[in-house]
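Keeping the supplied structure of chain S fixed, place chain Y upon it in accordance with the hints.
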Amino acid sequence: MGFIELLAPAGDLARAKVALDFGADAVYIGGKRFSLRYRASNFEVSDIAEAVEYAHARGKRIFVTVNMIPHQGDLPGLKEYLLELEGIGVDAVIVASLGIASLAKQVAPKMEVHLSTQLSITNSESMRFYKELGVDRVVLARELNLETIEQIIDQAVLPVEVFIHGGMCVNYSGRCTLSNEMTLRDANRGGCAQSCRWAYDLHIAGEKVNPSDVPFSMGSKDLMALGSIEAMMKMGVYSLKIEGRMKSAYYIGVIVRAYRQWIDAIHTGKHTPVLYNAIINELKQAESRPTFDGFLTSMPDQNGHLYHPKEEGVVQNFVGNVLEHKNDRILVEMRNLVSVGQALECFSYHQDPQAFTITAMWDEEGQVLEVANKPMSKVWIPCDVDARAGDFLRKKNT
Amino acid sequence: MIKIVHTERIEVLKHFKPSEIELVLTEPCFSYRHPLLQSKDAFINLYTEAMNLGFKPYVQVNGYIEEQERVDLKAWLNALTQLNPKGFYFNDFAVQRFLKQLGYAGELIYAPETILTNALDIELILTQVDRVYLSKELTLEEMVDLCKLFPNKIEAFGLGYPLMSFSRRPLVRSYLSEIGHEADVLNRLDLTIKEAKRSQHFPILEEKEGTSIFIDAIHYPKVELPLLKEALCYGVHLDDLLIDETSFMSLNQALLDEAKSLERIRLEHSHIKLGQAYYYRKTNMSKEEGQ
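Chains as they are written, first to last, in the numbering used here: chain S, -7 to 390; chain Y, 543 to 833.
To be clear, the hints were calculated from the coordinates, so they are not data collected in a lab. Note that the Cβ used here is the ideal one computed from N, Cα and C, for glycine as well. There could be a bad hint or two in this list.
Pairwise CB distance ranges (calculated) [claimed, not checked]:
id : chain 1 : residue 1 : chain 2 : residue 2 : range
1  : Y       : Glu649    : S       : Pro265    : 31 to 37 Å
2  : S       : Pro203    : Y       : Arg806    : 39 to 45 Å
3  : Y       : Ser792    : S       : Glu72     : 49 to 55 Å
4  : Y       : Gln643    : S       : Gln343    : 55 to 61 Å
5  : Y       : Glu591    : S       : Lys24     : 54 to 60 Å
6  : Y       : Asp732    : S       : Met368    : 37 to 43 Å
7  : Y       : Lys642    : S       : Glu76     : 34 to 40 Å
8  : Y       : Glu649    : S       : Gly198    : 49 to 55 Å
9  : S       : Gly69     : Y       : Gln610    : 52 to 58 Å
10 : S       : Lys24     : Y       : Gln610    : 38 to 44 Å
11 : Y       : Asp687    : S       : Asn328    : 49 to 55 Å
12 : Y       : Asn694    : S       : Glu72     : 55 to 61 Å
Taking beta-carbon pairs under 10 Å as the criterion, some of the chain Y residues facing chain S (in silico) [unchecked claim]:
id : residue
13 : Val554
14 : Ile664
15 : Ser719
Only chain S is shown next, with the shape it has when bound in the complex:
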């Protein structure tokens, strides 16, 4: 098995660095314009330039999403933007519009053009069409099983990218206007309100059939494809993509590190069931919704959906970010409530998780705390492990 790219999302520069530090080979980010996920904090061009510099210094790559499906009024400034991205050394743009793909190849030929999953590419024949337009890579539709992906790769004329983790559109991506109708927010221009996840009544011949406590919903469980990574590597998938430009730095760190660990273990033949289970447990540390393996092994049935709102529980074990380590104490920017006596783990890219227990806490004024319960407050905690600025603290999974 040759190289396989691990491609991670990032909503801002800090998260891009986390993704790269924790083991991504490439990171995809969005600018302030022409990109979906406008609610993600997104990058100014100067931030993109810094991300490119940071990535290239580590032999890694930065892709920029230019993946909105623009209406005519959205187009002014596009050419200049593409030139700007090329000028700062962006490696590729991810696009959903064939017109933008073609324009990018004309005006900014040093950048690769990757076609987004919004084009719902499900076969190698259409890929040939896209190659003739100058496209360099395609992201496959999420509606494909492993067998079909393998058959596509056998005939593929372009490198193939496949989603392996994160949120799933219940409809073919890019072909859904539920949000447009319900909220006047265009999913294809970054406004998706996730109307598929709302509660509906189902009527058959005018009769409501759903019980009131289990409304009809199209909300999908999240994708988690760890069990299919080895097969994807063997069949020649070029890039494994993690979804989630709106996710936190901690989430990105956990997910990227887990997949990095598993890919490396497969490469070195150390991918044991024990390690697999450990990584599954690790992935659960950052789970925001229950997961399943999408279409990869079978057509999703009721087990691929979230009908009960209570199922959408966010794991609350993230404690905060380490800001500095001085005199056997760490300064932590808090996110979730924590008390003296709590067992913690320091989670980082430079070592395996290190456990320690909170024996005391002080606020920045030196006041003793029994409980730290103010998000974004800064708290000093005694720490005897190698915790560094940028590391994450979380409650130890017992």
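Same frame as chain S, but now just chain Y:
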């Protein structure tokens, strides 16, 4: 401006004269939204009946072609070209490529439901096909502007329930399994969903290929059609899916009848909700601005 009719019902077709309309028949093997037509034979029969009525149909292949279907698709397209259709509507460029390989010389129209919203894309795609079918989520102003830029190369939605989404998943059957309900819902035309905080009942159609959801109001551009015509829109599509025969025909007849106002048509069809899709609704709202 041409009326382009989609139907699976020969009885509907019999109301039209071949000189009045173009006809699109959706084939059932690699497409969706064909609840009344479930086999090649049924399609060939419909096609033949349409021919006998004097029509020269277009064929629509609107599905997402999966790799393992390529061989069968090509063989089926080959069989379809033997019927000498006037043209093909397609969503997946695999269809276009196969038709070219088969030496098909009729018309090709790209019709991807969504994602065709600007001149940059249209200009590029028109180098590969004869015409394009615009996305429905455009305002009237945007549609008129695009039609003017590409005279007689653009088609638009004209009458019918606008599609909102298409999922590969069996959404209704999965849900009914979850709640232990045993209704047979495949291809049924009487299912709706209603969002908890809204009054609309959105039609939902489940087929073996997946699940389609539609806007609750029949798109009816009675007032706006002259603007599209003036902008040299090539044609508008009239789709009878989910509409009873009588209503579809009377709505069609009233569409260009200058003697009938929209208000009068609404009164005459008070059992039906008529709408204008996104003609007057911009959908580029932020979370704060949107509904």
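A quick look at each hint next to the structure:
no.	hint	in the structure
1	Y:Glu649 / S:Pro265: 31 to 37 Å	violated, 57 Å
2	S:Pro203 / Y:Arg806: 39 to 45 Å	holds, 43 Å
3	Y:Ser792 / S:Glu72: 49 to 55 Å	holds, 52 Å
4	Y:Gln643 / S:Gln343: 55 to 61 Å	holds, 57 Å
5	Y:Glu591 / S:Lys24: 54 to 60 Å	holds, 56 Å
6	Y:Asp732 / S:Met368: 37 to 43 Å	violated, 53 Å
7	Y:Lys642 / S:Glu76: 34 to 40 Å	holds, 37 Å
8	Y:Glu649 / S:Gly198: 49 to 55 Å	violated, 41 Å
9	S:Gly69 / Y:Gln610: 52 to 58 Å	violated, 42 Å
10	S:Lys24 / Y:Gln610: 38 to 44 Å	holds, 41 Å
11	Y:Asp687 / S:Asn328: 49 to 55 Å	holds, 51 Å
12	Y:Asn694 / S:Glu72: 55 to 61 Å	violated, 33 Å
13	Val554	violated, 22 Å
14	Ile664	holds, 8 Å
15	Ser719	holds, 5 Å
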